[in-house]
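Participant: Listed here are the chains, written in short residue letters.
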Amino acid sequence: MPPAVGGGLAGSELRPRRGRCGSQAARAVGPDVATEATARSPKRPAPSSRRFEAPGRWALLALVTLMSFATRFHRLDQPPHICWDETHFGKMGSYYINRTFFFDVHPPLGKMLIGLAGYLSGYDGTFLFQKPGDKYEHHSYLGMRGFCAFLGALLIPFAYLTVLELSQSLPAALLTAALLTFDTGCLTLSQYILLDPILMFFIMAAMLSMVKYNSCANRPFSAPWWIWLSLTGVNLAGALGVKFVGLFIILQVGWNTLSDLWHLFGDLNLSMVTVGKHLTARVLCLIVLPLALYTATYAVHFMVLNKSGPGDGFFSSAFQARLSGNNLHNASIPEHLAYGSVITVKSARMAVGYLHSHGHLYPEGIGARQQQVTTYLHKDYNNLWIIKKHNTNSDPLDPSLPVEFVRHGDIIRLEHKETSRNLHSHYHEAPLTRKHYQVTGYGINGTGDSNDFWRIEVVNRKFGNRIKVLRSRIRLIHLVTGCVLGSSGKVLPKWGWEQLEVTCTPYLKETLNSIWNVEDHINPKLPNISLDVLHPGFPEIMLEAHMVMIRGNSGLKPKDNEFTSKPWHWPINYQGLRFSGINDTDFRVYLLGNPVVWWLNLLSIALYLLSGSIFAVAVQRGARLPAEVEGLSQVLLQGGGQLLLGWMIHYFPFFLMGRILYFHHYFPAMLFSSMLTGLLWDTLLRLCAWSLASFSLAGHVHALGILSLLLGIAYSFYLFHPLAYGMVGPLAQDPRSPMAGLRWLESWDF
Amino acid sequence: MLGFLQRPVVVTADINLNVVALTAVGLLSRLWQLSYPRAVVFDEVYYGQYISFYMKRIFFLDGSGPPFGHMLLALGGYLGGFDGNFLWNRIGAEYSTNVPVWSLRLLPALAGALSVPMAYQIMWELGFSHCAAVGAALLILIENSLITQSRLMLLESVLIFFNLLAVLSYLKFSNSQKHRPFSPSWWFWLMLTGVACSCAVGTKYVGVFTYLLVLGVAAAHAWHLIGDQTLSNVHVLCHLLARAVALLVIPVLVYLLFFYVHLLLLCRSGPHDQIMSSAFQASLEGGLARITQGQPLEVAYGSQVTLKNVFGQPVPCWLHSHQSTYPMIYENGRGSSHQQQVTCYPFKDVNNWWIVKDPGRHQLVVNNPPRPVRHGDIVQLVHGMTTRLLNTHDVAAPLSPHSQEVSCYIDYNVSMPAQNLWRLDIVNRESDTDVWKTILSEVRFVHVNTSAILKLSGAPLPDWGFRQLEVVGEKLSRGYHGSTVWNVEEHRYGRSQEQKERELELRSPAQMDASRNLSFMARFSELQWRMLTVRSDDSEHKYSSTPLDWVTLDTSIAYWLHPRTSAQIHLLGNIVIWASASLATLVYALLFVWYLLRRRRRVCDLPEDCWLRWALAGALCAGGWAVNYVPFFLMEKTLFLYHYLPALAFQILLLPVVLEHVSGRLCSPLMSTSF
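As given, the protein sequences belong to chains R and A, one line each in that order. When we follow UniProt numbering, the leftmost residue of the first sequence carries the number 1, and every step to the right adds one. When we follow UniProt numbering, the leftmost residue of the second sequence carries the number 1, and every step to the right adds one.
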């Protein structure tokens, strides 16, 4: 032993190894302890020999699966109208069926699967999914709901098997399954066309296969080992492919893998070659395979969506050229910019959009009261600008005049085509970025003042003075103030229609904000040239799609004075989400966890931390535990530790997120928390039974405890099931409502 | 007893001349020509105004950091006899003669100077040679960015000082743990660790990262202590308790102490009052306290009140109405009720007065004795100047069409009946029969007919609404939110029957004074919460930079420029030190991973004590760098080069560690053959 002081780091480094050895011991000991303990509990259909054990387990698994499917598929068709986010994800499924390109902040896999499910079940993609509450009528929506419910129903057998593997105890697994089956929140979330059941399916599948391959550790490189390892990788790719929060389960598997490798590396019986083989196998299955699959989903995504659609404007000009129906697809446009050309100007920064103006003025008190200039993501007539010479107002399209090309360094004027106002800047502060200058539309019919003059420059000019459509990256420098036209990327308030702010920045640092390119170009006097140079490679589109998604995600900011859900609300089940219906005549579905389950989970986390640290300290103090307690404490520390880690990884990062958050973000964490509850109560009751062993009733403590928990949970589900299956009638704040007594928190508004 | 008579009194002085010399050069470098330039340099303009506030004892709110740092700077001003009369408006402004520049800059300079010998001590306590320790101190001494930052009225050098002090005292403590646990010096260093951590956090919030680092190392050591089976259980428990008290309880207490002194000093009302709640404002001298002094505590039927919104975003404002009506048709074509506008108005105005009326009675005066309004009572609110009743109905609000319009009811005989009954809901009630109290009660008004809740939407109305803020009836209220909660600020019992006389009648019945009722903890938690949530507009700055620029020193800040002579102060690091410190971090990380992997395979390149020393030095120095640097990547505020200096101070300490290790272990053939 190193000396007490200064040895902490070494101590913390030495500890995991001891832990690992212990865990192997637990694995060896666990099953025997479990069977011994279960054999003593008379309430279970006590299997006296292993011959009956296996069928018993299978029957129990079948029962759990059956219950889960029965609850998830019960009244799946109700309500027959769009609920909550079905309006988004159903719509996106339709886009896949119609092959039109769209933009969403989540990766494509989940929506592709929804689309596929719809396609296979005979949905033709014609329903508009306009807003929540719209009736489905004759459109076939059950296929998509059924697919989500199917995946949602599988969560429960997965959780059951995971806990069984971690604790080697049927009652623990059964308790977990009951917690999840009878949780109204999980149930509600699984019954609709949403990404969450798909995401949770992949998360739980990854967790299960990870636990399974951990338990194959004594037979490395055997067939089951390989199967579970590569399944883990496949499910990781799936989780990440549905939502970016799939990253959390990747972190968890990564952590598990690292500690596993660290353990193998410290095992001096293994040669370095063997350790190298282990490392390679994990790199292959947990890094290369998921990456390949993840990339493949994008390849399919881009292949399927080959028609122009509502998402075009979010992407760069080059990207759009891929989409049939887009005006850049197989485009033939004049190549060089000339005076008199009608153009659209696009920011080089992703997901900022086109330079835009419209017939609304900046409100009073915000700079000069002139016409607004913004950037706008959608294609629109108000994005068109005409390039004119700064000093003449003659029509350059007059056929008698020769064509004059715009050159690098020219002084130009940009006239907004619809309103005939000039792009203008002056020494007034910009609306949001106070240190920049305001950009406005100014002048009448193209006659303004010298503040309308801009110098056009090509960035990184290689040769030639002309300005090429699409390919030249240009900057517009304001002649009088010397500032550069840029987009700050900030969203204007309501008066600016929530478009993005355009400013003239006096800081000449070269950033993408101030770089633009010309996209559309109309000039009847110039010959059209086919532009098929714009074919970005797959890595480029993939990168761009990710940049746009990340920007989209960080753009989802809560607004002032809006009630937003905070992460601390979630575990205490503070407030639910209205899935459908508001008034007492509506069919109402309210996403809210079963409070009994959730508060039990919360209590269990506290109890776990307490009992876990007692055991950890006892082990560290070198206390000698009886063999049975030793086994239980290993289950608690090893298995429970993994589940607690899962809960923390899936919960705490939300505290750091700036984007807008919703209650349903907590559900992956809730799965882990329920598994922990199952494992914890089983272990604690076993400990109780053990410590009371001298009394005659001791054997019943465990069985009675588990049974009363199961019954209590089932009864609470009976009470709260209308939340998930739908209710009509007076709201719960009305004393006449059957739910009136169940509004345990004032913040629940069902 | 009287032992000194038998033996001579001997004082054994053990003076390390290295430390003395380093302190001397540290002082020299930081204090020399301290009062030059006699002009406002960079962020002095920012801290200076707060010093002035302290000198004048005027309350202010600054979201950038806790009050300890500001108070230290103000202490300098106090010692120099500064009266606070200086207009801190522009960088480069010449100081007037009443500003004691030298003493204002003295404390940061001293903190910077003392960091030099502390670096030496830290190295020594970590178990490295005097040579390495002197090297570390010299590197801190000659790093010009640290010198620049120390010589001005800024807080980074103070933060670095407390960071280093926390680490140093923890090392002293843990070294004395080996030989003399629970000795006075053990206690002293343990307590000092806690106090220094607290001072670091109190100077700037980022100090919390160093605190967490020290806590982490202490926890690792404590965990090891638990595993030490030579100690009895009671012994272990004592050790753990001592640490918990010193490292958890004491810092919290000291932190509270800062706020206590802060609030004790700032007792006068000032420009930032409006951000605070009415109760807080009432606890300051002048300002609201003068108005609310002696006003009746319990709101009764007939009370005249002004209602302030608790959330107060975007600006604090009061419920308001005036003669103008909502336009018949809005710009976007929707219709309105054309009744009298109800808004929220950010200025004091006679139109902010409302009278609480009992729906069952006609009179607008307070009975004798007054009949207090309680939680759950149904009331009407009468606008004082127009005597119209506050009303809401199923008409879309002007800017928030999902909510109901709130108006003062005008009967146009268009089959739109008055719906002017409101149920009073006291949010912070203690029992269901609580009385509505001035200032203290936070109330919601729930509309009886539609159960909508009176809410400030915060949207400024267009020209027809005089750009005042929109007030709506929120139907889909989701839990508690400050924008639906109001409190009575000014209050008097109405006595006048006639509308003309209804003004200006104040009676002061013998009531308890609500203003002095706020406890320190309530004031602390409100102030701390506001400080953390006050929004500074994230403005781009000419010299702002990103964390990535710092490592490569790709940025600098012009602090000051003399308008005529072009003499200037520029914050710029010493590129040699920065580059070699970064290199040292990299080498350390690589070597550490290498040793760690080899140890795992039972190949011990380093003897055990050498490895422990190496790991602890890394945990504190490289760890100190990482915890003070990495979090900036997640921060959304405007960042400057000087934010990197605390991290740099730790990184510099790593350089001699790595150098000594490399020269001793790897370069010396003697050592390498011996293993």
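Honestly, I wouldn't trust all of these hints.
[Claimed, not checked] Calculated pairs, EDC-like style, for lysine to aspartate or glutamate (alpha carbon to alpha carbon, straight line, at most 20 angstroms):
no. : chain 1 : residue 1 : chain 2 : residue 2
1   : R       : Lys389    : R       : Asp449
2   : R       : Lys566    : R       : Glu746
3   : A       : Lys475    : R       : Glu429
4   : R       : Lys557    : A       : Glu636
5   : A       : Lys542    : R       : Asp449
6   : A       : Lys475    : R       : Asp449
Keep in mind that the hints were calculated from the coordinates and are not lab data.
Participant: For a quick check of understanding: which of the numbered hints are violated here, in increasing order?
Facilitator: 3, 5, 6
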